[in-house]
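Asker: Chain by chain, the residues:
Number of protein chains: 4
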Amino acid sequence: MKALIYQGPGKKALEDRPKPEITAPTDAIIRILKTTICGTDLHILKGDVPTCAPGRILGHEGVGVVESVGSAVTAFHPGDHVIVSCISSCGKCDYCRKGMYSHCVNGGWILGNTIDGTQAEYVRTPFADTSLYHIPAGADEEALVMLSDILPTGFECGVLNGKVQPGASVAIVGSGPIGLAALLTAQFYSPAEIIMIDFDGNRLEMAARFGATATINATDGKAVETAMALTGGRGVDTAIEAVGVPASFVTCEDIVAPGGIIANIGVHGVKVALHLERLWDRNIAITTRLVDTVTTPMLLKTVQSHKVDPQKLITHRFKLDHILDAYETFAHAAETHALKVIIEA
Amino acid sequence: MKALIYQGPGKKALEDRPKPEITAPTDAIIRILKTTICGTDLHILKGDVPTCAPGRILGHEGVGVVESVGSAVTAFHPGDHVIVSCISSCGKCDYCRKGMYSHCVNGGWILGNTIDGTQAEYVRTPFADTSLYHIPAGADEEALVMLSDILPTGFECGVLNGKVQPGASVAIVGSGPIGLAALLTAQFYSPAEIIMIDFDGNRLEMAARFGATATINATDGKAVETAMALTGGRGVDTAIEAVGVPASFVTCEDIVAPGGIIANIGVHGVKVALHLERLWDRNIAITTRLVDTVTTPMLLKTVQSHKVDPQKLITHRFKLDHILDAYETFAHAAETHALKVIIEA
Amino acid sequence: MKALIYQGPGKKALEDRPKPEITAPTDAIIRILKTTICGTDLHILKGDVPTCAPGRILGHEGVGVVESVGSAVTAFHPGDHVIVSCISSCGKCDYCRKGMYSHCVNGGWILGNTIDGTQAEYVRTPFADTSLYHIPAGADEEALVMLSDILPTGFECGVLNGKVQPGASVAIVGSGPIGLAALLTAQFYSPAEIIMIDFDGNRLEMAARFGATATINATDGKAVETAMALTGGRGVDTAIEAVGVPASFVTCEDIVAPGGIIANIGVHGVKVALHLERLWDRNIAITTRLVDTVTTPMLLKTVQSHKVDPQKLITHRFKLDHILDAYETFAHAAETHALKVIIEA
Amino acid sequence: MKALIYQGPGKKALEDRPKPEITAPTDAIIRILKTTICGTDLHILKGDVPTCAPGRILGHEGVGVVESVGSAVTAFHPGDHVIVSCISSCGKCDYCRKGMYSHCVNGGWILGNTIDGTQAEYVRTPFADTSLYHIPAGADEEALVMLSDILPTGFECGVLNGKVQPGASVAIVGSGPIGLAALLTAQFYSPAEIIMIDFDGNRLEMAARFGATATINATDGKAVETAMALTGGRGVDTAIEAVGVPASFVTCEDIVAPGGIIANIGVHGVKVALHLERLWDRNIAITTRLVDTVTTPMLLKTVQSHKVDPQKLITHRFKLDHILDAYETFAHAAETHALKVIIEA
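Chains as they are written, first to last, in the numbering used here: chain B, 1 to 345; chain L, 1001 to 1345; chain F, 2001 to 2345; chain S, 3001 to 3345.
Hint data in this document are derived by calculation from the structure and do not stem from the laboratory. Just so we're clear, the structure is a prediction, and the values are computed from it rather than from any experiment. Worth double-checking, as some hints may not be accurate.
Claimed, not checked - Result set (DSBU-like, lysine-lysine): computed pairs, CA atoms no more than 30 Å apart in a straight line: (1) F/2163 with B/307; (2) B/2 with B/319; (3) S/3019 with S/3098; (4) L/1098 with S/3163; (5) S/3019 with S/3002; (6) B/163 with L/1163; (7) B/307 with B/11; (8) S/3098 with L/1312; (9) F/2271 with B/163; (10) B/98 with S/3046; (11) F/2307 with F/2012; (12) B/319 with B/11; (13) B/98 with S/3098; (14) S/3098 with S/3319; (15) S/3271 with F/2271; (16) F/2163 with L/1098; (17) B/163 with F/2012; (18) S/3163 with F/2271; (19) L/1098 with L/1307; (20) S/3098 with B/307.
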C-alpha cells in the first residue's frame, strides 16, 4: 500500500509498504478513507519529536472503514465506518479509567509516532474498542476527520480547561487551526466576547467569520493594551494559548483577569517566564493538557445536531498520491491560507 | 493607645496613638485581645510592600471585643467577641459576590497595609458585618487568632486549590508556619501521604509531629529524587508551594504527577521558570490565590469540633509592651523555633 | 401613588397609596418604569401564599430609576437606571455569603409578599446595594424586566441545576413562560436536543420558534413514550419540571436517563410520588431551588452580547392604569396567548 | 466444587458444582479465599430480585487468587491476589467510559445475580482487567473483602453523592452495615458532626464506637425533632438514607437543611412521598446510585494508609462448609449483632 514515510529530519516520501496486520486481539485494521496533516507532523519532520523514528508512517487522524478486527474486539465489525482517534486508549490502566487517555500507559499518542499511522491506505489501530468511534449513517465523513484530533484538542485543552462560561470574556492567542478549533467550540458556551490575537491578517479574518467578536493583529506590539481596553481594563476570564511560544504565553499572563484561567494548548519547546511576582495573588489557574479525546462522543453529538460545523476548518483537498503537495500547502499556510487539508486515500 | 508603627524600611516602634473612631456606617471599633505577627509584616519592614506607607500601624490578624459599631452594622454589637479577618470584604462588589473577597474593590488586604492594623490596643475594621466573625462561647480565643489569616491561607490557597483527596499523595514544599497550616488542614481530606520538604530539620520534626507521613531535608540537593522515590516514581497529586522562591516552585514542577496540581501559596518577588517544554502535555494545573477567607465559617466549625487544633502553631506569647521582642523572636525562627507568636494587648 | 393591592383571596384593586419612604440606611426608593405579573401573583390572589397579607402591593419584578437612597447605600445613586431583583439579599448572612440569596435570613422573596412590591409607581427596595443591578446605557430596558425573575429562575433552577451540556438531550415539561425561559437559556450550552412537552399547542408552537428541537403535545397521554422514542429509548440527560404538579414531575421521573438530572422549577402545592423502587439504582439527581438571582450579572452580559433575547417572552403591554386588564390577559393565557405582559408605570 | 445455590424463594443449599471455566477472552477464574454475604443476597432469597433465577450461585464479594485468565487479559496473571468487585465493568461502553460502571451495558451487577457468584470455591469473573483489583503485598486480605461492595457503596452513594465537607453536619438514617460503611468513610472529610439514627440500640452503640458524634434511637418517634435540635434547628447538610423504606427517606426530607443533599443508598421496593410542597424552594438535591466501584483504587489507598479500617465491620467468621450458619447469623443481626460475616472458602 502507499504510505507517507518519515525518513529522518527534513525528509519524507510516499512509499510502498506492506498492508498492516492484526497483531493483538484488541487490534483492528482500518482502510483509510480520508486523513489529514497536523502541525505535529511538521514538528516530527523537523526532528523535534525524538520518539518518532525514521521509517515511521506518519498521521494520527482520519476516518475509514473497518477491514478486520482481532478476537477480543466486540464493538466494531468489518464494514463499520469509524473515526480513528489520535489517542489510543487501552481502557484498562489507571489513567484510562480516570478519563486521562492521553497518559494511557499502554497507548496514548502512539499513532504516527511510535507505531505506524494513518497517512496510508490502511492502518492498524490498537485497542480498537476504546480508540475508534462509530460514524452515524449519513454523517459528513470528511468533517468528522476533524474529530480525530483538532476539535477535541481545541475543546478539551482550551475550552473545557478554560471553563468558558455564558457571558464571559475569552481571548485566544493564536488563530491557526488549533486556535480556530478552540474558537468554534468555545461558542458552545455562549461567551459574551471572544478576542482572537494573531500576527496574520488572513487568519484573523477567518476568525471573524468563525465567530470572534474582536480580532487583534499583534504586529503593532500592542496586543495586551488592546485586549485590556476591550475588556474595560479587567482582562479576560479565559486566555487560551494556541501557539506554543514564550511570548504568546506571557501575553496570556498579561491579559488574564483576577480569578481567570490560562488554558495552554500550544506545544512548547522551551520554558516560559511565569511572572508569579505579579500573579501570585491574582487567584488564577494555569492548565496544560495533551488531548484525551474523552469528549469525542460529545463532540460527535454537537456535530450531528449542527451546533458546530468542523467543515469550516477544511480548506484544501488532495489525493493520497499527492500528499507531498498537501504537505507543501499545509506547511506554507501564510501563503496558501491553508487550515486543514484533507487527503483522500 | 499603644500601637506598633512601621517607620519605613528597617524601622519600627511601639508608639502612642489616638484610639481609632468610626468613620463609616459599616465600621466597627474592636478592642484587641490577642494579635500576632505574619511573615508579611516582615516583608513590609524590609520595604517590600510599597502600598504600606511609613506611619502605619501594622497587623492584620487578631481576636477582640467589639467596642462600638457604625449605624449600618447589624450583625455585631458591643461586647461581642470576634475574629478579625485579614481580608476586609465589602460584600457588595462583583468580586465579593463571587466569594473572591481578596479582590474586593473596596477592601481586600488593607488592614495593617493601607489602613491601620491590629498590632495595637484598638483597631477600626471596615465592613464589619462581612469582615468579622463571631467567636462561639467557650472557644479557645487564642487558637482562633490562627483563623484571621494563616489557617485559611494554608487551607484555601494550598489545600482547596490543590484539591487534596482521600488516598492521594501531597507534597508541601516549605515547612514554615504557612506550610504547616497547609499540613494541618490537608488532613481534613485524609490523603494517604503528606511529604514535607524543607531545609530546616527542626521544622521538619514539627511537621512529622503535625501529621506529615514523610519529611525530606532538601539540603542534600536530592529532594526531587527522594519525593519521586517515595511516590513510586509517579510524583504527587498535589504539590503545595509554601515558600515563595523560584527554586521551590521548580521543585513542585519536578514532582507533580500527570493530572496533578501545583497550588502556590508563597509570596513571590521574582518570576519563576515554568518548564512548559516538559509540562505542556502533563495535564496539570497551577493555581495562585490571595486568601479570600471565605472558609472562615467552615474552619471555625472544624476547630470547634476538634478536627484541627490551631493551637499547635503557637510557640511563643508576649505582652503588647514587648512586641519588639515578639518581632525579634519571630524574625529569627531558625534559632527560636518560633512558628506563630501571640501578642496580648 | 397608584398601586395594585391584594385585598384577600380573589380580590385585587388599583388603589392610591402613599409614596414609600426610606426606612433603613440600606434602602432605596425606585420609581418604577416597567413591571410585570408573575404566576406567583396569581397564586397569591388565589389565597395560596399565606405569608402575603391582604393590603399588600403586589409585584416583585421591574426596572426603574433610583429616586433616593439610604445613608449606607454606596453603589447606587439617584437617577441610576436599575433592575429590581425579585430576591432581596442582605449580602451578610451565611446564606447570602454562600450565594443562596433566596434563603437570606433578612430578605429572600419578600417584595410583593411580606413587604410592598413593584406593581406601583414607586417601590422601596431593601438592601439596595445587593438587590439592584445597574442597567447599562443603551440597553433595552423592557427586555431587562425579564431579568428580575423569570430568566434567572429558568436558568438557575432549570438549566444550571440541570447541568445542561453541549450535545446533551434536554426535556422541559411545561411550555409556559418559565419553561420557555428555561428553553431560551438552555441554549447557552448547545444541547443537541431540547424536547418541550405541554398540553397547549400554541405554547408548543412558540417553543418551536424559540429553539425547541422537538415538541410533544401530551394530550394523547403518550408523552413518555414519545420522549423515549425521540431519545432512542435512553431518556434525557436533563428533565426540567416547569409546571408544579405531580403528573409532570412523574413524567420527568419516567424520561430521565441513567445518570441524568431532574431539575424542578415548578411551585408544588402537594407531595409527589417518587418512584425510588425504579430510581434507586439509576444514578440520578433531583434538584429543587428557589431562584437566587446570583446569575443576574452573567445574564445581563448574555443579553448585552445578544446570546439571548428576553424580549421574545413579552407578548402584551399595558399602562399601570389598566393593570387589571393586564391581569385578565395574563390569567387567561390559553386564550390570549400571553407569556409575559409589561406594565408601564 | 462447593457452592451456595439459590433454589427459589426461601430456599438455598450448599451443593457440588463443576468448577467454572473461561468462556470469553476477557474472563478470569478466581479461587475464592474469602467471601461474605450481602443484604442483597437476603433479598434474592426472599424472591425480590427477579433477574436472579433459581440454580444461581450467590455472592458478589470476595478476595481470591487468580487461577487462570483468558487470552485478552493483560493486567492479571495466575497467582495474583485480587479483590473481586461486585460490579463487572466492560470498560468499553458509554457508561463505563463515563465511570458509571453500574450501568455497564455488558456487565453491571451480574455476579451472583445473572451469572454465578462468589459464594463458592471458584468464580468466573468477566472483564477481568476492569473488574478485579490487585491486592498489595502484605495487605489484610480479609479487610479488603469489604472493598468488593460495602465500602464503595457507603462511600460513593452516601458520602461522595452527599458531598460531605469539613465542618459540615451529616445524618445517616440506618446504622446497619451499609450505614456504618458510610459512617466510616464520611470521616475522610472531617465533618463536624455525624448523627446516626436507628431503632437498634446495639447498632447505635457500634456507631458511637465507629465515630458518630451523636446517636438517635428513633423508637420514641422523635428522631426528627432530636436531629433538628442537635443542629440548632437548621438541619443537616447531608442526610444519607441507608435503610430503603419510605419512612426513613421521609426522615431525610424532614431534616435536610436548605442547600443540603439527601443521598440515597437504600434499596427501595416501593415509592416514597416526596414532599415538594415543602422542598421545592429549599435548594436541595436528592441523589440515587447503584455503586459504580470507581473508587476502589482510592479506597484501597485509604485502607493501606490506615485512614479507614474496614475490619471493624467484620463480626463473624465461618468456613464455606458452614455457610448456612453464616446466613443464619447474618439474617438475624438483631440477635447476633452481626455486621459482616466472613466465609473462608
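Asker: Would you mind confirming whether the straight-line C-alpha gap from residue 3098 of chain S to residue 1312 of chain L stays at or under 30 Å?
Answerer: violated, 43 Å
Asker: If you draw a straight line from the CA of residue 1098 of chain L to the CA of residue 3163 of chain S, is it 30 Å or shorter?
Answerer: Cα-Cα ~21 Å, so holds.
Asker: Take a quick look at whether residue 163 of chain B and residue 2012 of chain F sit within 30 Å of each other, Cα to Cα.
Answerer: violated, 48 Å
Asker: Residue 3098 of chain S and residue 307 of chain B: Cα distance at most 30 Å?
Answerer: holds, 22 Å
Asker: Keeping to a limit of 30 Å between CA atoms, is the pair of residue 2 of chain B and residue 319 of chain B held or broken?
Answerer: Holds, at roughly 11 Å.
Asker: Is the hinted pair residue 3019 of chain S and residue 3098 of chain S satisfied, with a Cα-Cα distance of at most 30 Å?
Answerer: Violated, because 34 Å separates the two Cα atoms, which is more than 30 Å.
Asker: Within a Cα-Cα threshold of 30 Å, do residue 2163 of chain F and residue 1098 of chain L meet the stated pairing?
Answerer: holds, 19 Å
Asker: For residue 307 of chain B and residue 11 of chain B, compute the direct alpha-carbon distance and say whether it is at most 30 Å.
Answerer: Given that 30 Å is the threshold and the Cα spacing comes to 40 Å, the pair is violated.
Asker: For the pair supplied as a hint, residue 3163 of chain S and residue 2271 of chain F, is the alpha-carbon distance within the 30 Å limit?
Answerer: holds, 26 Å
Asker: Does residue 3098 of chain S lie within 30 Å of residue 98 of chain B when you go C-alpha to C-alpha?
Answerer: Holds, at about 9 Å.
Asker: Are residue 319 of chain B and residue 11 of chain B close enough, with their CA atoms no more than 30 Å apart?
Answerer: Holds: residue 319 of chain B and residue 11 of chain B sit about 20 Å apart, inside 30 Å.
Asker: Given the hint that residue 2271 of chain F pairs with residue 163 of chain B, test it: the Cα-Cα distance must not exceed 30 Å.
Answerer: Since the Cα atoms of residue 2271 of chain F and residue 163 of chain B sit roughly 38 Å apart, the hinted pair is violated (cutoff 30 Å).
Checked against the numbered hints given earlier, the structure breaks hints 3, 7, 8, 9, 10, 11, 14 and 17 and satisfies all the rest.
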